[in-house]
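Since the structure of chain A is already known, use the hints to place chain B on it.
2 protein chains.
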Amino acid sequence: MRYELYYWHEIQGRGEFVRLALEDAGADYVDVARLPKRGGGVPALMRFLESRSVDRPPFAPPFLKAGKLVIAQTANILFYLGPRLGLVPKDEASRLWAHQLQLTIADWVAEVHDAHHPISGGLYYEEQKREAKRRAADFRAERLPKFLDYFERVMKRNPKRTDYLVGKAVSYVDLSMFQMIAGLRYGFPRAMARLERKHPRLVALHDHVSARPRIAAYLSSPRRLPFNQQDIFRYYLELDG
Amino acid sequence: MRYELYYWHEIQGRGEFVRLALEDAGADYVDVARLPKRGGGVPALMRFLESRSVDRPPFAPPFLKAGKLVIAQTANILFYLGPRLGLVPKDEASRLWAHQLQLTIADWVAEVHDAHHPISGGLYYEEQKREAKRRAADFRAERLPKFLDYFERVMKRNPKRTDYLVGKAVSYVDLSMFQMIAGLRYGFPRAMARLERKHPRLVALHDHVSARPRIAAYLSSPRRLPFNQQDIFRYYLELDG
Chain A
1 MRYELYYWHE
11 IQGRGEFVRL
21 ALEDAGADYV
31 DVARLPKRGG
41 GVPALMRFLE
51 SRSVDRPPFA
61 PPFLKAGKLV
71 IAQTANILFY
81 LGPRLGLVPK
91 DEASRLWAHQ
101 LQLTIADWVA
111 EVHDAHHPIS
121 GGLYYEEQKR
131 EAKRRAADFR
141 AERLPKFLDY
151 FERVMKRNPK
161 RTDYLVGKAV
171 SYVDLSMFQM
181 IAGLRYGFPR
191 AMARLERKHP
201 RLVALHDHVS
211 ARPRIAAYLS
221 SPRRLPFNQQ
231 DIFRYYLELD
241 G
Chain B
242 MRYELYYWHE
252 IQGRGEFVRL
262 ALEDAGADYV
272 DVARLPKRGG
282 GVPALMRFLE
292 SRSVDRPPFA
302 PPFLKAGKLV
312 IAQTANILFY
322 LGPRLGLVPK
332 DEASRLWAHQ
342 LQLTIADWVA
352 EVHDAHHPIS
362 GGLYYEEQKR
372 EAKRRAADFR
382 AERLPKFLDY
392 FERVMKRNPK
402 RTDYLVGKAV
412 SYVDLSMFQM
422 IAGLRYGFPR
432 AMARLERKHP
442 RLVALHDHVS
452 ARPRIAAYLS
462 SPRRLPFNQQ
472 DIFRYYLELD
482 G
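Sequence lines, in order, name chains A and B. No gaps in the numbering here: position 116 of the first sequence is 116 in this note's numbering, and each next residue is one more. In this note's numbering, each residue carries its 1-based index in the second sequence increased by 241.
Any given hint might turn out to be false.
With a straight-line Cα cutoff of 20 Å, these simulated DMTMM-like cross-link-like pairs (lysine to aspartate or glutamate) come out [to be verified]:
no., chain 1, residue 1, chain 2, residue 2
1, B, 409, A, 55
2, A, 160, B, 296
3, A, 156, B, 368
4, A, 146, B, 291
5, B, 331, A, 91
6, A, 168, B, 296
7, A, 129, B, 379
8, B, 370, A, 92
9, A, 156, B, 352
10, A, 133, B, 367
11, B, 401, A, 55
12, B, 306, A, 138
13, B, 309, A, 55
14, B, 331, A, 92
15, A, 129, B, 368
16, B, 374, A, 126
17, A, 90, B, 367
By construction, these hints were calculated from the structure, which means they are not laboratory data. Since the model is a prediction, treat every value here as computed from it, not as a measurement.
Just chain A, with the same shape it has in the complex (with noise of 0.2 Å):
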C-alpha cells in the first residue's frame, strides 16, 4: 500500500506527527503537496479540498488517502496507521489509550497555536501581540507545565516499566511526543530549559526517538522541514518569559 498524505508544503505542522510515523515505519508514502505540480504540488490538495464530488469531505488537512479511504484528522490517521505500522500494541485497550493520549496532544498542539494567535488564525501575529502575550504567559505558567507533568506521569505509571509511553515498545505516542519537546524548545527555548529538569523522562524520550535509525536520517535529510515561523512553533522573544 502506498500511502499519500496531503498537508501543506512548507510548514512541519500537524503533518508532520504523520510523517514521523510514515518514516519512523519506512512505510511507502508519497507527501503529495510536496511534489512537483504535473500531479501534485499544493494545487493538487487543493482540488481534493475543493472538489463537489468527495462524498466524505475533509474538514482540513491533514488527510491521508490509503487506498480507497479519505482519513482525517491527525489523530484519526495516527489511529489508523498505528497497527498497520506497528507502532501500537494491537489489543483494543492499547489502541484506545494510545489514541487517548494522542488526543490530549492534538489538545495541547492547539493551545501552542492559540498562544501566538489568540484571536484569530485570520490575523497576522502582529495583529494579537497584546493578547498573545497575556495568553503566552498563562501558556507557560499553567498550561505548559500541566501537559508535561501529565505525560511525566503517564510514562511513570506505564505497567510495562518502560521507557515508553504505552506498553514495552515504541508507538506513534512517542514519535509524536519527541515532535512536542522539539517544537516546544524551539518556541520556548527559556520556559523550556527551566520546565524540562522536572521531566527527565520525556526529554530522555526525546533523546532516544530522536536516535532511532529511520527517525535520525529523517531528521537529517531534506524531507524534514525546519521549524519556522509559519508554523504551530514559533519563536517570539516576547512570548517566552
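Structure of chain B alone, referenced to chain A:
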C-alpha cells in the same frame, strides 16, 4: 454492562455528548458525580483523578468506566460506545468517518469555549472581556459559518441520501450535532437566527433528534441540566454581535 460516566455535575459541557448517546440508546449508566456523596458525587470523581494507583490516568473529565476499561477524551468515548450502542455503522470506514466528524465537532467546541475565554480558562470572563469581544467577533464572522457550512455540506453529500450525517440511520454524530445547534442558539441567538436560514439540513436534524422518544424524554427530565453561565455554551449580549 453498566457504564459509569464521570463528569462535572453542574454543567452539560463535554460530558453531554456522551450523555446523549447513552440516553438515546437506553443504556444502563450512572452519572457518578451526580450521585449522592455516599459512594458518588464530585468527591468520587476527584478521588479517581488524583489517585496514584491508576495506571492509565485521564487528563481531564469526561471519562467512562466500562468494566475494567477507563476511557477519556469525549470523541474517544463515543468511538468506543458507538458500535456497542448501535449508534454508528459497523464497517471500519464508517467508524473512522464518524470519528473524524466527531473530532471536528470537538475542535468546534473548543473554539466556542475560547470565544468567551480567549486568554485563560483559569480567569473569569470579566478578566478577559475585551479580548473575548475580539475573538467572538471573529468566531461569528469566520469560524461559525465555516463549521456550519462544512456540516451542511456533509449532510448534502451523504451518499445514502438520508437526513443524517453518516450512513442511513442516526449516529452519535447526529446527537452531537443536535447539541451544537442547541448550544449555539443559547450562546449566539442573533448570530444563529441569521445563519440558520442557510443551513436547513442542520436545523432539520436538530428538530429530528430532539423528537426522538428517548431524547425527548431525556430533555424534559431533571437529568438534562439547563444551559448555564458556567458552561461551554454561554450567553453574553456583547459577544453575540
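Evaluation of the provided hints:
no.	hint	result
1	B:409 x A:55	holds (14 Å)
2	A:160 x B:296	holds (10 Å)
3	A:156 x B:368	violated (37 Å)
4	A:146 x B:291	holds (14 Å)
5	B:331 x A:91	holds (18 Å)
6	A:168 x B:296	holds (14 Å)
7	A:129 x B:379	holds (16 Å)
8	B:370 x A:92	violated (44 Å)
9	A:156 x B:352	violated (32 Å)
10	A:133 x B:367	holds (18 Å)
11	B:401 x A:55	holds (10 Å)
12	B:306 x A:138	violated (32 Å)
13	B:309 x A:55	violated (38 Å)
14	B:331 x A:92	holds (16 Å)
15	A:129 x B:368	holds (18 Å)
16	B:374 x A:126	holds (18 Å)
17	A:90 x B:367	violated (48 Å)
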